[in-house]
Amino acid sequence: MLLESRRSLRRAVVVFAIIFVIYLVSVSNGNISNTLDANYLFSSTDDYTIKYNTKLMNQPQISEDGTSDEVQEPKGPMTWEEVEKALTFDKDVFKNIENNIVENNMNFFREVYSKRITEPKFAELTYSQYVDKKGNKKFLTQDEYPRANATLLTLVRNEELEDIIYTLRQLETKWNHKFHYPYTFINDQPFTEEFKETVKRHTVSDCYFEVIPPEMWNKPDNIDPDIEAEKIGKLKAKGVQYIDKVSYHNMCRFNSGYFYQMDRLKQFRWYWRFEPATDYYCSVDYDLFKFMEDNNKTYGFTISLYDNPLTVETLWPVTLNFLKKHPEYVHPNGAFKWLTENVQHPDYVEITGGYSTCHFWSNFEIGDMDFYRGEAYSAWMDALEEAGGFYYERWGDAPVHSVGLGLFEDRSKIHWFRDIGYHHSPYKNIPNSDKCEAPEDSGYFAPEDVYDQNCLSNWIRLEMTNKELQSY
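Each step along the sequence shown adds one to the number in the numbering used here, with nothing skipped, and position 360 is 360.
Check before you lean on any hint, since a few could be wrong.
Said to hold, decoys possible - Pairs of lysine-lysine, DSBU-like flavour, derived with a Cα cap of 35 Å:
| id | residue 1 | residue 2 |
| --- | --- | --- |
| 1 | 325 | 245 |
| 2 | 234 | 324 |
| 3 | 137 | 290 |
| 4 | 91 | 324 |
| 5 | 200 | 137 |
| 6 | 413 | 115 |
| 7 | 297 | 137 |
Stated by the list, open to error - Listed next, with one range per pair, are the computed distances between beta-carbon atoms:
| id | residue 1 | residue 2 | range |
| --- | --- | --- | --- |
| 8 | 145 | 236 | 33 to 39 Å |
| 9 | 441 | 145 | 33 to 39 Å |
| 10 | 92 | 140 | 49 to 55 Å |
| 11 | 201 | 347 | 46 to 52 Å |
| 12 | 451 | 163 | 50 to 56 Å |
| 13 | 145 | 375 | 50 to 56 Å |
| 14 | 95 | 248 | 37 to 43 Å |
| 15 | 145 | 327 | 40 to 46 Å |
Don't read these hints as lab results, they were simulated from the structure.
Virtual Cβ for every residue (Gly too), placed ideally from N, Cα, C.
Take these sequences, add in the hints, and give me the full structure.
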């Protein structure tokens with residue numbers, strides 16, 4: 001009896017050991033993947049969790065059971081067949097909530113924002129503050145602090161001086177007085193002395209004032225004026241904003257594919273784009289540029305929106321034609337579902353030929369200009385230029401940056417800055433943090449009549465991992 005018990009015990013130990021070894025091998029091979037932990041994120045019980053579907057190229061899906069399938073990435077460059085499959089959205093992702101998708105997405109949005117956050121966890125952070133021998137908190141001086149190769153960048157006109165000072169003061173107070181990163185001001189016209197001197201009075205950082213070369217700003221020669229007039233006329237009749245303003249088209253094209261090619265900006269790798277009359281609600285103590293650099297990030301954003309599909313009607317078809325010729329440029333871990341989601345605005349997807357119009361709102365963005373300078377983005381930009389959509393339609397830099405990043409970059413290198421409070425009318429990013437002071441409560445997005453334009457819930461649900469969500 002005792003001998004049989006010992007044998008049973010030994011068999012149990014052996015079985016346990018085998019199971020444990022299999023588990024370790026699975027973990028080491030990446031075969032056990034995390035799911036979105038609703039108990040961690042939300043105070044109440046939710047009817048959605050994230051599930052991964054290996055058949056859709058590592059894209060998460062909403063499910064009821066919270067289980068997680070094995071996630072595998074294809075080895076080597078993607079084929080066109082793999083790209084085409086990855087860019088086909090499966091509506092079952094939202095099968096339980098599609099009938100009231102806007103309400104559900106906004107509830108999800110508020111639940112995420114209800115959680116208190118601080119600084120990013122699981123990340124390498126760099127500070128300028130130190131404590132001296134007397135116990136006083138101080139910051140390293142402009143000469144002492146070893147900055148990343150970066151600049152704060154804005155495209156601004158002389159007549160916007162008051163508005164740019166309004167924002168510059170906030171940037172200095174909330175962040176840059178600690179790090180002293182240089183500012184680069186660009187314009188298609190020379191800056192006045194009044195503009196330059198006024199700006200310099202509000203910062204000790206170096207300031208560069210640059211004029212955009214005409215060949216980067218002006219309409220290119222390949223634009224057919226007759227085709228342009230016909231197409232712009234139709235879009236104007238449909239009420240598309242700014243459609244008949246040539247300077248707006250110039251700006252969209254320049255911000256999409258040329259700003260990082262300016263001589264001054266060639267000396268930098270990183271940029272933080274800011275705009276006049278925008279608000280920054282939160283103090284940030286760590287170096288945002290070094291966060292990007294040290295944690296292998298390419299792009300950072302705060303707000304994600306849908307776009308007017310009429311402005312980008314042919315952007316996706318032109319892009320797909322490019323991808324058929326160059327599927328090898330597509331990253332296997334791209335943000336495919338976010339780019340092709342067709343539940344909240346199926347009419348948008350029908351107009352654009354498959355693009356959700358979801359994009360990162362680029363009036364605030366922190367990015368690696370070397371990504372834009374890379375082979376994939378550069379070749380794609382050449383195709384966009386040839387198509388003429390910056391002038392025949394109104395392709396904006398926000399959807400262009402977003403489609404390029406979503407296709408050609410690993411989505412894990414795209415970072416949602418939850419801790420940067422931001423406002424560009426009418427949209428806001430207001431974190432639940434002691435470091436923030438905003439006129440509305442955390443989780444406020446915009447007036448109710450534009451709730452359906454919020455695409456951030458899709459980014460969180462479809463593209464972020466559990467670890468990324470727990471990183472604040």
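Status of the hints after comparison with the structure:
{"no.": "1", "hint": "325 / 245", "verdict": "holds (34 Å)"}
{"no.": "2", "hint": "234 / 324", "verdict": "holds (30 Å)"}
{"no.": "3", "hint": "137 / 290", "verdict": "holds (21 Å)"}
{"no.": "4", "hint": "91 / 324", "verdict": "holds (24 Å)"}
{"no.": "5", "hint": "200 / 137", "verdict": "holds (26 Å)"}
{"no.": "6", "hint": "413 / 115", "verdict": "holds (23 Å)"}
{"no.": "7", "hint": "297 / 137", "verdict": "holds (30 Å)"}
{"no.": "8", "hint": "145 / 236: 33 to 39 Å", "verdict": "violated (50 Å)"}
{"no.": "9", "hint": "441 / 145: 33 to 39 Å", "verdict": "holds (35 Å)"}
{"no.": "10", "hint": "92 / 140: 49 to 55 Å", "verdict": "holds (53 Å)"}
{"no.": "11", "hint": "201 / 347: 46 to 52 Å", "verdict": "holds (50 Å)"}
{"no.": "12", "hint": "451 / 163: 50 to 56 Å", "verdict": "violated (27 Å)"}
{"no.": "13", "hint": "145 / 375: 50 to 56 Å", "verdict": "violated (34 Å)"}
{"no.": "14", "hint": "95 / 248: 37 to 43 Å", "verdict": "holds (40 Å)"}
{"no.": "15", "hint": "145 / 327: 40 to 46 Å", "verdict": "holds (44 Å)"}
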